[in-house]
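Chemist: Quick mapping for you: the protein sequence lines, in order, are chains A and B.
Going letter by letter, the first sequence gives residues -5 to 184 in the numbering used here.
Going letter by letter, the second sequence gives residues 11 to 291 in the numbering used here.
Any given hint could turn out to be false.
[Claimed, not checked] Computed cross-link-like contacts, EDC-like style, restricted to lysine to aspartate or glutamate with a CA-CA straight-line distance of at most 20 Å: (1) 188(B) / 114(B); (2) 22(A) / 107(B); (3) 107(A) / 60(A); (4) 1(A) / 252(B); (5) 86(B) / 148(A); (6) 200(B) / 39(B).
[Unchecked claim] Cβ pair distances, simulated, as ranges: (7) 30(A) / 109(B): 38 to 44 Å; (8) 30(A) / 111(B): 30 to 36 Å; (9) 29(A) / 261(B): 49 to 55 Å.
[As the list claims (entries may be wrong)] Computed far set for chain B versus chain A, every beta-carbon distance over 12 Å: (10) 87; (11) 111; (12) 117; (13) 123; (14) 129; (15) 171; (16) 238; (17) 262.
Hints are computed from structural coordinates only; laboratory data are not their basis.
On a predicted model such as this, the values are computed, not experimentally measured, just so you know.
Think of the CB as a built atom: it goes at the ideal place given N, C-alpha and C, for glycine as much as any other residue.
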Amino acid sequence: MSESTTKLVATPGQTIGPFYGFALPYEKDSQLVHRAHTGSIRLHGVVTDGSGSPIPDSMLEIWQADEHGEISRETGSLVRDDHTFTGFGRVAVDNVGHYTFTTVNPGATEQGKAPFISMVVFARGLLNRLFTRIYLPEDTEALANDPLLSSLPEERRKTLIAEREPNGDLRFDIRLQGEDETVFLTYPGI
Amino acid sequence: MSDATAQDQAFDAETFDDSHVLDPAATADSQDQISQEITDIHEAYRKGVEAGEAQETQPRIDFAPYRSSLLRHPTKDLHHADPETIELWSPAFGERDVHILESDLTIQHNGEPLGERIVVQGRVLDGDGRPVRNQLVEIWQANAAGRYVHKRDQHPAPIDPNFTGVGRCITGPNGEYKFTTIKPAPYPWKNHHNAWRPAHIHFSLFGTDFTQRMITQMYFPGDPLFPLDPIYQAITDQDARDRLVATYDHSVTSHEWNTGYRWDIVLSGSNRTWMEEGEEH
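The whole structure should be built from the sequences, with the hints applied where relevant.
Modeler: In structure tokens form, the structure reads like this:
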């Protein structure tokens, strides 16, 4: 195909700005599964700035495999039926920078791979989106062998690994700036 | 704190009536000050390019003239990752998610909205020129007076009861999208004294890979506010800035009904292994 050989320069991003709240959030946006779903967990945390203050105008999205490591091809993320797992969720943080998703632990997409959730961060004041990964903390062998984590110094690696809370919830804070700043990612072709 | 005070504060937080209480340093700067900072950064960038440094295509995330960016940008370099598994796919959206009428922002209420009716259309492509098909495009914007339907928008311009300013569509087989809407007006903001945003429409886009996810703003040609705006000018390269400006297209204008603009969007490259056309399923 001749069409696919033309390299084009990507359109620049811009900040989400302050006024997305009436446009992008939607009903059940942060509920990848119903709370009553067997194996449902809460994934939550706080988004903070370089002074450690919570950011109240940030929007996060996650995209993940289901508990068996299957990547959903189902539509219906915007109109949830409480049964179909689409793998996508969106949440606007609250006034104290806190977010909550209701989801499941993603399974490994390949045998021996460390399971992770892909996350993208938007905020007023953030001129372009940021990508990161939320790794599950349990499979320490897979984590040790993970190519991305292995390429990071120890103190930075831990910013990508969620904390398991006693009730099974996952805690993952996002620090946009500072000493323990979250590792944000760039990919080939960006 | 008494209950009454707590209630008042909760009310303020809800309606954002306290938004006039701002850090004085955030609004004291003049446009001249901001413009000089922009000029200095752009000048340094141009010298760098002349000396052989790469042309920039994306905004700086560390761009001090946009004051809100100061504490909200990572200071460490973005870490290079090879996309894996889930990152090589994107959520699927379809007719189940978006009704066809959601692409017309002028018919969401009982009456006609005020302002200049426009059509904005174009294509969503990936970095290899492949159309991004069956994918979600979301837009939001101010009305013809420069006012958002958002509780935090304090600009004393009228709300239009016939205009919300939110639209969605699913791209067609050639990556095409089309919205009917009202041309938004510029509006003031509090980055510095007498700060005004150029008129723009926010666009939210997905590709075939989640790594192509992006949000941006489309501008209108010839806006006199371009040189003054630290968000637009955070893109240091003129060619890159031009990619956010739609083109007036008289073939999109229709007789006695709307004026028309065309704007194509290019996402970053897909990292998936693509098979020939027809094999991808």
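Chemist: I'd like to know which numbered hints this structure contradicts. Please list them from smallest to largest.
Modeler: Going through the list in order, the structure violates hints 7 and 10 and respects the others.
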